[in-house]
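Colleague: Sequences are here, hints too, so could you generate the full structure?
Sequence lines, in order, name chains A and B.
Count the first sequence with the numbering used here and you get residues 1 to 246, in order.
Count the second sequence with the numbering used here and you get residues 1001 to 1246, in order.
It should be emphasised that the hints constitute simulated quantities derived from the structure, not laboratory data.
Where is the CB? At the ideal position from N, CA and C, for every residue including glycine.
A hint or two may mislead.
Claimed, not checked - Which bits of chain B does chain A cover? Going by a derived footprint, with three or more residues having C-beta under 8 Å, they are:
1) 1158-1170
2) 1177-1184
3) 1227-1241
2 protein chains.
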Amino acid sequence: MTYCVGLKLNRGIVMMSDTRTNAGVDNISVFRKMFLWEAEGERSVTLMTAGNLATTQAVVSLLSERMKPAEERGDPSILEAPSMFQVARIVGQTLREVIAEQDGRSGLVADSAFSATLILGGQVRGGEPRLFMIYPEGNFVEASDDTPFFQIGETKYGRPILVRAYDPDMSFEDAVKLLMVSFDSTIKANLSVGLPLDLHIYETDTFHHGLIRRIERDDAYFNMISEGWGVALRDAFNALPPYSFR
Amino acid sequence: MTYCVGLKLNRGIVMMSDTRTNAGVDNISVFRKMFLWEAEGERSVTLMTAGNLATTQAVVSLLSERMKPAEERGDPSILEAPSMFQVARIVGQTLREVIAEQDGRSGLVADSAFSATLILGGQVRGGEPRLFMIYPEGNFVEASDDTPFFQIGETKYGRPILVRAYDPDMSFEDAVKLLMVSFDSTIKANLSVGLPLDLHIYETDTFHHGLIRRIERDDAYFNMISEGWGVALRDAFNALPPYSFR
Chain A
1 MTYCVGLKLN
11 RGIVMMSDTR
21 TNAGVDNISV
31 FRKMFLWEAE
41 GERSVTLMTA
51 GNLATTQAVV
61 SLLSERMKPA
71 EERGDPSILE
81 APSMFQVARI
91 VGQTLREVIA
101 EQDGRSGLVA
111 DSAFSATLIL
121 GGQVRGGEPR
131 LFMIYPEGNF
141 VEASDDTPFF
151 QIGETKYGRP
161 ILVRAYDPDM
171 SFEDAVKLLM
181 VSFDSTIKAN
191 LSVGLPLDLH
201 IYETDTFHHG
211 LIRRIERDDA
221 YFNMISEGWG
231 VALRDAFNAL
241 PPYSFR
Chain B
1001 MTYCVGLKLN
1011 RGIVMMSDTR
1021 TNAGVDNISV
1031 FRKMFLWEAE
1041 GERSVTLMTA
1051 GNLATTQAVV
1061 SLLSERMKPA
1071 EERGDPSILE
1081 APSMFQVARI
1091 VGQTLREVIA
1101 EQDGRSGLVA
1111 DSAFSATLIL
1121 GGQVRGGEPR
1131 LFMIYPEGNF
1141 VEASDDTPFF
1151 QIGETKYGRP
1161 ILVRAYDPDM
1171 SFEDAVKLLM
1181 VSFDSTIKAN
1191 LSVGLPLDLH
1201 IYETDTFHHG
1211 LIRRIERDDA
1221 YFNMISEGWG
1231 VALRDAFNAL
1241 PPYSFR
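Modeller: Below, the structure is given as structure tokens:
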């Protein structure tokens, strides 16, 4: 499994992904699920992946290959597309093609064993920062004021705190705290989601990557949150009055 | 979907179930998923059901029919079985038979469209209170000190708070509060889980049903918890220090 979250804030986009992949519980590896592309001063694009690892690696490789000057075969590149919407179309089409190729058929590809789902975020000069969720069929939806964040992978354990504590005006510092609480709840409940975590914070209108950090197993802040959240939850629970049988 | 939880405490067993069933989001009904049988002074048995409604209703009907004196055909009755373990065997066998009959085959039945999963709790004089989770195959596992509660149905949203706040020594009042928080998180996230809720509290060594209550949509305590928990969660979140970028 996997857990990735993209938060759209007023001041930018914060993305976090785990790094655990598994083929059975007895075969666990660390693989990066967050990929970044940049044209300094012009655009910053971040992609997070959940699903079949061969599929997502192929998608990332294809997207990267198309950027190489030697490969100017007319294939559009996500570093040249004129908007984030066009970047999303390229990524979606690439994803759909890779799955269809593995499957040897076209059509609905969400049920394929080679399926994958992606979160794409970033900003291209001339447009706003945008956040998309891209489906195996290659189509996608965009985050809005009503749905300002996307999750992929094991989404359920970490959702209640996102729903309750997300605020579009929150600081980057609070957003990272929120993501760490959400990831901690997920990691505690599902063995197939695990540290280290990858973090990228894109600040609106900077048009280059912001803070990129890997949060390792021994990260002091994550461990403090992990312990502190348990205590804080129990305190919050104790603060509510008990049921009365009258 | 469905959400049911059974908590094994030192002072007894607390069980809560929702009542929503659906065949598509445009076809929603209220059905009871908690069923109780009692031999006053001798045993109290509670069953909660998740899965195909035709299957679970057939299981409950078969279990009830076998108790009628007119039907003394040698079929064992859950009111006569000498222990909770034997009650669990009868329930498990009945469940497996109903699914196999719908399927027209025997074998592994967890993947059947007619599948169901059950939580069984209670006490028979001469034994301890016991809590079981019964699988579609008819086999079952028992709650222990390491795993003192069971969930069936939509289990993920409501699990983090159970893991963090459960305490075997807790009062019944706190246990109901805990269940309400867990159900509220689930109901907020999944349309197919809904009020009203059914509650049964069995107190150890009483050998009769304890408090049985239906928590309706306008229940003042539930609504207070639902609002209060959001505030309490945000307060708990705010109490933790924000991330520092150094």
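Colleague: For each hint, tell me whether it holds in the structure or not.
Modeller: Tested hints:
1. Restraint check on the stretch 1158-1170 of chain B versus chain A: 6 residues with Cβ-Cβ distances below 8 Å, three needed, restraint holds.
2. Closer than 8 Å: that is the beta-carbon criterion, and the stretch 1177-1184 of chain B has 4 residues meeting it against chain A, so the requirement of 3 holds.
3. Beta-carbon proximity to chain A at under 8 Å applies to 12 residues in the stretch 1227-1241 of chain B; the threshold of 3 is reached and the given coverage holds.
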